[in-house]
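The listed protein sequences derive, respectively, from chains U and H. Heads up: the first sequence begins at 1 in this note's numbering, then just goes up one per residue. Heads up: the second sequence begins at 556 in this note's numbering, then just goes up one per residue.
No lab work stands behind these hints: they were computed from the structure. Backbone N, C-alpha and C fix where the C-beta goes; we use that ideal spot for every residue, glycine too. Take the hints with a grain of salt, since some may be wrong.
Simulated crosslink set (SDA-like; lysine to any residue; CA at most 25 Å straight-line) [stated by the list, open to error]:
(1) U:K436 <-> H:R701
(2) U:K436 <-> H:T708
(3) H:K723 <-> U:S64
(4) H:K768 <-> U:K199
(5) H:K723 <-> U:W437
(6) U:K549 <-> H:R701
(7) U:K549 <-> H:A646
(8) H:K707 <-> U:M287
(9) U:K258 <-> U:A419
(10) U:K436 <-> H:S674
(11) U:K436 <-> H:S779
(12) U:K181 <-> U:K258
(13) U:K436 <-> H:R795
(14) U:K436 <-> H:W764
(15) U:K549 <-> H:H660
(16) H:K723 <-> U:R442
(17) U:K436 <-> H:G765
(18) U:K436 <-> H:T813
(19) U:K436 <-> H:K707
(20) U:K436 <-> H:T706
(21) U:K338 <-> H:G743
(22) U:K549 <-> H:A777
(23) H:K723 <-> U:K258
(24) U:K436 <-> H:K768
(25) H:K768 <-> U:I79
(26) U:K258 <-> U:V127
(27) H:K723 <-> U:E297
(28) U:K549 <-> H:G765
(29) H:K723 <-> U:G449
(30) U:K436 <-> H:F732
(31) U:K163 <-> U:G32
(32) U:K338 <-> H:S779
(33) U:K199 <-> U:K549
(34) H:K745 <-> U:P446
Chain H is nowhere near these chain U residues, computed Cβ spacing over 10 Å in every case [claimed, not checked]:
(35) R11
(36) G32
(37) K163
(38) F381
(39) E427
(40) R442
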Amino acid sequence: MPSPPPSPQNRTPLLASGEPFVWLTGMGLVVGLAMVVVLLGLIVYKGLEAFWPHRVARIELTTSAQEREGAPFLVAMVIESRHKKAPGEGDREELYLQTGNKDFFGSGFRYLDADEVASISYPPDEVVIEQIEYLTIGTLVSLQRPGAAPIEAEAPGFLPALKETLAAARARSAEIEHLEKVRIGDNAARIQALRIERKRLERVAGDAPPDPAAIASIDEQTAELQSAFEGMAAEARALRAEQDASTLTYRIADGREKSIVAGQVVHVTWPNQMGFAGRLGQFFKNMWAFVSENPREANTAGGIFPALFGTFVMTVILSIAVTPFGVIAAIYLREYAKEGLVVRTVRIAINNLAGVPSIVFGVFGLGFFVYGLGGSIDRLFYPDSEGPVFGTGGILWASLTLALMTVPVVIVATEESLAAVSRGVREGSLACGASKWQTIQRVVLPAAGPGIITGMILAMARGAGEVAPLMIVGVVKWAETLPVDTTAPFLHLDRKFMHLGFHIFDLAFQSPDSEAARPMVFASTLLLITLVVTMNLGAIFIRERLRRKYATGAF
Amino acid sequence: MSPTETPRKAVLHASASSSAGDGNGPDTKPIARGSLLADRETPFVSTESGQGSVIDSIAEHRRFQAVVHPELAHDLPHVLRVEDFSLYYGAAQALHGVTMAVPQHKVVALIGPSGCGKSTLLRSVNRLNDLIDSVRTTGNMLLNDRPIFDTKTDVISLRKRIGMVFQKSNPFPKSIFENVVYGLRLMGEKRRGVLQEVCERSLRDAALWGEVKDRLHDSALALSGGQQQRLCIARAVATRPEILLMDEPCSALDPIATAKVEELIHSLRGSYTVLIVTHNMQQAARVSDHTAFMYLGRLVEYGPTEAIFRNPRCRDTQDYVTGRFG
Ligand SMILES: Nc1ncnc2c1ncn2[C@@H]1O[C@H](COP(=O)(O)OP(=O)(O)OP(=O)(O)O)[C@@H](O)[C@H]1O
Ligand SMILES: [Mg+2]
C-alpha cells in the first residue's frame with residue numbers, strides 16, 4: 001500500500017501560527033499595566049491615607065522599655081507597622097508613630113519596636129489639636145477667656161465655650177487675612193503706582209523741575225493712602241491682640257502642661273470618640289481643607305490651594321499658547337512645504353526636540369523669555385518700575401517655556417491627523433472652486449480637529465507634570481498672591497506662582513521636617529495626577545463631541 | 556465570452572439616426588439581446604480607409620485618427636471642446652491628441668478599459684491634474700469658448716464653473732446643508748434665504764430632498780453610501796455649473812443605490828451638460844446620449860450611444876462593447 005500523503009490535519013507549526021508572539025505581546029501589556037497599577041495604586045492609597053484620621057493610642061510599654069523611656073506608656077497615633085531587617089537580628093516588626101508635640105520632643109515622629117508594646121488602648125478624652133505650627137496630642141485642661149473665669153475641661157460649659165472661642169478666632173483670622181492681603185495689599189499697590197508715576201514725571205521733565213501741581217497732587221494722594229494704611233495696620237494689630245486674648249491649656253502624656261492662644265489653633269478633634277461615619281466625615285473635611293487652604297509651616301501642613309490653582313492656570317495658558325503655534329507649524333509642514341531634504345530635516349529636528357532635557361528648555365526660557373523678552377518689555381513699558389516686572393520669572397514665561405517644550409507633540413499629532421484627511425475630500429473641495437487655504441480652513445481642519453485635540457491633551461499632560469524648567473522661570477516655594485485674582489487686571493501674567501510638581505519636589509527633598517511632609521507628598525502627587533486626568537477628560541469630552549458631530553456613518 | 560452569450564441587460568436604443576441629437580432616449584424601443592453583430596449596417600471603418608486598430612497604428616508609428624460620428628460633427632452648441640489635447644505624467648504620455656466636443660445639455664459617457672486615460676481626461680477639464688507636479692499638457696480645452704489651459708486662466712474661478720462628482724463619495728465633515736451650499740459660500744453668498752432655496756433645489760435635483768429634509772443640520776457623514784453620493788451630486792449642481800464631471804459615480808454603490816443615481820443622471824439631461832466616466836457599459840447605455848470610447852490614451856470612436864453599442868465603426872470599439880477585448 002502506498003504511504004498516504006502527509007495529512008493536511010498536521011498542526012500548524014507553533015512559530016508559524018504566531019502563538020508565542022501573541023504571548024509576548026500579552027506579556028508586554030501585562031508588564032506595562034502592572035507598572036501603572038502599582039504606581040497609581042501606591043499613590044492613591046498613600047495619598048488618601050494622608051486624610052484618614054488616625055486614632056490616638058495609649059501604648060503601655062514592657063518593663064525593659066519603660067526603663068529606657070523613663071515612662072510607663074506613650075501616647076501617639078500609629079501610622080503604620082512595618083518589617084525592618086536589621087543585620088544579625090532577623091526580621092523585626094516596628095511601629096511608626098506620630099507623637100506630635102514637636103515643641104516638647106523635638107520631633108513629631110518616632111519608631112517603636114513592636115516587642116516593646118505591652119498593650120494598646122484608646123482613651124476617649126485624648127484630643128488632637130492642630131495648631132498653625134505643629135500638631136499636639138494630649139488632653140484638654142482648661143480654657144481662659146478674657147473677663148471670665150477659667151473653665152475646667154470637666155465643667156459642663158466647657159465644650160460650647162471652646163467651640164465658640166475657636167469659631168470666633170477662625171472668623172477673626174479670616175478677617176485679618178482679608179485686611180492684610182486685600183485691603184492693605186491694594187493700598188500698597190496704589191502707593192507704588194503713585195511712586196512710579198512720580199518717577200515718570202521727573203524723568204519726562206528731564207533737567208527742568210517737574211510740574212509742581214502734579215507732584216503735589218501725587219504727594220497728597222500718597223499721604224492720604226499712607227494714613228489709610230496706618231489706620232488699617234492699627235486695625236490689624238488690634239485684631240491680632242484679640243487673637244491672643246483667649247488661651248487653651250492642655251496636658252501631654254508625661255503630665256507636662258502648656259497653654260496656647262486660641263489664634264494658634266486650627267482645629268481640635270477627638271478621634272477616639274468618632275465612629276466610622278465620623279471619621280469618614282473628618283476624612284472628607286481634611287481632603288477639602290487640603291485642596292482649599294493655603295499651606296502652613298513651610299508647606300508641610302495645611303492645604304495646597306495656591307499650587308493647585310497655579311498649576312491649573314499655567315496649564316491653561318500653556319495649551320492656549322501651544323495649540324495655535326503647533327497647528328500652524330504643522331499646517332505649513334504638511335500642506336505647503338515641498339517635501340524634501342529641508343522639510344525632512346525640520347521634521348527630524350522637531351522630533352528630537354522632544355528628547356532635549358527639560359532643564360535645557362528652562363535655561364533657554366530664562367535667557368530668551370525672562371531676560372530677553374521680559375527685559376525688553378520692562379525697558380519699553382515699565383521704565384519707572386522699581387523692580388523687574390516681566391524681566392523676572394513669572395507664570396507667562398513659565399507657560400511659554402513649557403509650550404516651547406511641548407510644541408513637538410502638537411506638531412506631530414497635528415501632522416498625523418492632517419495626513420489622515422483623505423485626498424478625496426480635499427479634491428472635492430478644490431473641485432468646488434475652493435482655494436487651497438479655503439480647503440484647509442473649511443474642510444481639512446474640521447476633519448483633523450479630534451487629532452489636534454489629542455495632541456493638545458498630550459502636551460497638557462506633559463506640561464502639567466514638568467518641574468525642572470519651571471524652577472528657573474517663575475515657580476516659587478511660596479507665593480503671596482495668586483496669578484488670577486479680583487484686583488484689576490485680574491490676570492497677572494507677570495506674577496510668580498506655585499506649582500504642584502515643584503511643591504512635591506520641595507516637600508520631598510527640601511522640607512525642614514521630612515517626616516511631617518511625607519503624607520503631603522503622596523497627597524499632592526495624587527492631586528496632581530487627578531488634575532491632569534481631569535483636564536484630559538475635559539479635552540477628551542470636547543473631542544468626542546466633535547467626533548460625534550461628524551460621526552462616520554456605516555455604508 | 557462569445558457575443559451571443561453576452562448577457563446584455565442594457566436597454567439599447569433601436570436606431571442610431573432617430574435619436575442622435577434630441578436626447579429623448581427613454582421612449583425608443585429596446586433591441587433584442589445578442590443582436591449586436593447581426594444588425595451591422597455598415598462595415599468597419601478600418602476596412603474602408605485602411606486605418607487599423609489602435610495597436611496597429613502604434614506599431615506602425617502612425618497617428619491614430621479617431622472616428623467621430625457625423626451626428627456629433629454638426630454645429631451643435633458645444634459646451635466643452637477638447638482640442639488636440641495631450642497629457643504627460645513625467646515622461647509617460649497618458650493622453651494622445653484627444654479631440655472631441657461635448658454638446659450642451661447632453662450626457663456624454665467616456666468608456667474604455669482600465670488605464671486608458673478616462674479619469675485623466677476628466678480631471679484635466681477642471682485642472683485637478685495641476686495638483687500633480689509632473690503633469691505637462693499640450694493642446695487646449697475650451698469651456699464655453701474660454702480657454703482652460705491658458706496662463707491667464709484663473710483655476711479657482713474656472714473650477715467654480717465646473718461641478719465634479721468622484722468615484723468615492725466625499726462629503727465634507729459638515730452638516731448636510733453646509734455640504735450643499737459649500738460652493739455658494741465660496742462664491743461669497745451669505746443670504747440665508749438664497750442658501751436655503753439653493754439647498755432645497757439642489758437636493759431635489761439630486762433626488763435626496765425627501766430623505767434628508769428633516770435632518771439638514773445633521774452630519775453628512777451619517778448618511779448611507781448612496782445618499783452620500785447623491786449629496787455630492789447635489790453639491791456639484793448647487794452652483795449650476797456649466798458642465799458636470801462624474802468619475803465612475805456608481806462604482807462604490809450597491810445596485811439599488813446605483814439605480815437611483817442612474818435615474819438621477821438620466822433626469823439631469825436637458826438641464827445639465829454631463830461628462831461621465833463609467834466602466835459599466837449597461838450604465839453608459841442607460842444614461843448617456845453620446846459615448847466616447849478611449850483606448851491607450853487615444854479617443855477611438857465618439858458617437859451617439861446607440862451607434863457605439865449597436866453599430867460601432869471601429870473594430871476596437873466593437874471588441875470592447877461586445878466584451879471580446881484583450
Ligand atoms: N498620478 C499619476 N502619476 C503617473 N501616472 C499616472 C497617474 N495617474 C494616472 N497615471 C497613468 O495614466 C494612465 C491613465 O490613468 P487613468 O487614471 O486616467 O485611467 P482610467 O481610464 O481612469 O482607468 P480606470 O478605469 O482604471 O480608472 C494610466 O496608465 C496610469 O497609470
Ligand atoms: Mg479612473
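So, going through the hints one by one against the coordinates:
1. U:K436 <-> H:R701: Given that 25 Å is the threshold and the Cα spacing comes to 23 Å, the pair holds.
2. U:K436 <-> H:T708: holds (17 Å)
3. H:K723 <-> U:S64: violated (89 Å)
4. H:K768 <-> U:K199: Violated: K768 (chain H) and K199 (chain U) sit about 70 Å apart, past 25 Å.
5. H:K723 <-> U:W437: Distance ~23 Å between K723 (chain H) and W437 (chain U) Cα, so the pair holds.
6. U:K549 <-> H:R701: violated (42 Å)
7. U:K549 <-> H:A646: Violated: K549 (chain U) and A646 (chain H) sit about 45 Å apart, past 25 Å.
8. H:K707 <-> U:M287: Since the Cα atoms of K707 (chain H) and M287 (chain U) sit roughly 72 Å apart, the hinted pair is violated (cutoff 25 Å).
9. U:K258 <-> U:A419: violated (72 Å)
10. U:K436 <-> H:S674: Judged against 25 Å, a Cα distance of about 22 Å means the pair holds.
11. U:K436 <-> H:S779: violated (28 Å)
12. U:K181 <-> U:K258: Given that 25 Å is the threshold and the Cα spacing comes to 32 Å, the pair is violated.
13. U:K436 <-> H:R795: The hint holds at about 22 Å.
14. U:K436 <-> H:W764: violated (30 Å)
15. U:K549 <-> H:H660: Not OK: K549 (chain U) and H660 (chain H) at ~38 Å, beyond 25 Å, violated.
16. H:K723 <-> U:R442: holds (20 Å)
17. U:K436 <-> H:G765: Since the Cα atoms of K436 (chain U) and G765 (chain H) sit roughly 34 Å apart, the hinted pair is violated (cutoff 25 Å).
18. U:K436 <-> H:T813: violated (32 Å)
19. U:K436 <-> H:K707: holds (19 Å)
20. U:K436 <-> H:T706: Answer holds: K436 (chain U) to T706 (chain H) is near 19 Å, not above 25 Å.
21. U:K338 <-> H:G743: Not satisfied, since the Cα-Cα distance of roughly 30 Å exceeds 25 Å.
22. U:K549 <-> H:A777: holds (9 Å)
23. H:K723 <-> U:K258: violated (85 Å)
24. U:K436 <-> H:K768: Roughly 31 Å separates the two Cα atoms, so the pair is violated.
25. H:K768 <-> U:I79: violated (68 Å)
26. U:K258 <-> U:V127: holds (14 Å)
27. H:K723 <-> U:E297: The given pair, whose Cα atoms are some 68 Å apart, is violated under the 25 Å limit.
28. U:K549 <-> H:G765: The given pair, whose Cα atoms are some 22 Å apart, holds under the 25 Å limit.
29. H:K723 <-> U:G449: Answer holds: K723 (chain H) to G449 (chain U) is near 22 Å, not above 25 Å.
30. U:K436 <-> H:F732: holds (22 Å)
31. U:K163 <-> U:G32: The hint is violated at about 52 Å.
32. U:K338 <-> H:S779: violated (37 Å)
33. U:K199 <-> U:K549: violated (58 Å)
34. H:K745 <-> U:P446: holds (20 Å)
35. R11: holds (41 Å)
36. G32: It holds; G32 (chain U) is separated from chain H by about 34 Å at its closest Cβ, greater than 10 Å.
37. K163: holds (60 Å)
38. F381: holds (41 Å)
39. E427: violated (6 Å)
40. R442: violated (7 Å)
Figure legend: structure checked against the earlier numbered hints; hints not met, in rising order: 3, 4, 6, 7, 8, 9, 11, 12, 14, 15, 17, 18, 21, 23, 24, 25, 27, 31, 32, 33, 39 and 40.
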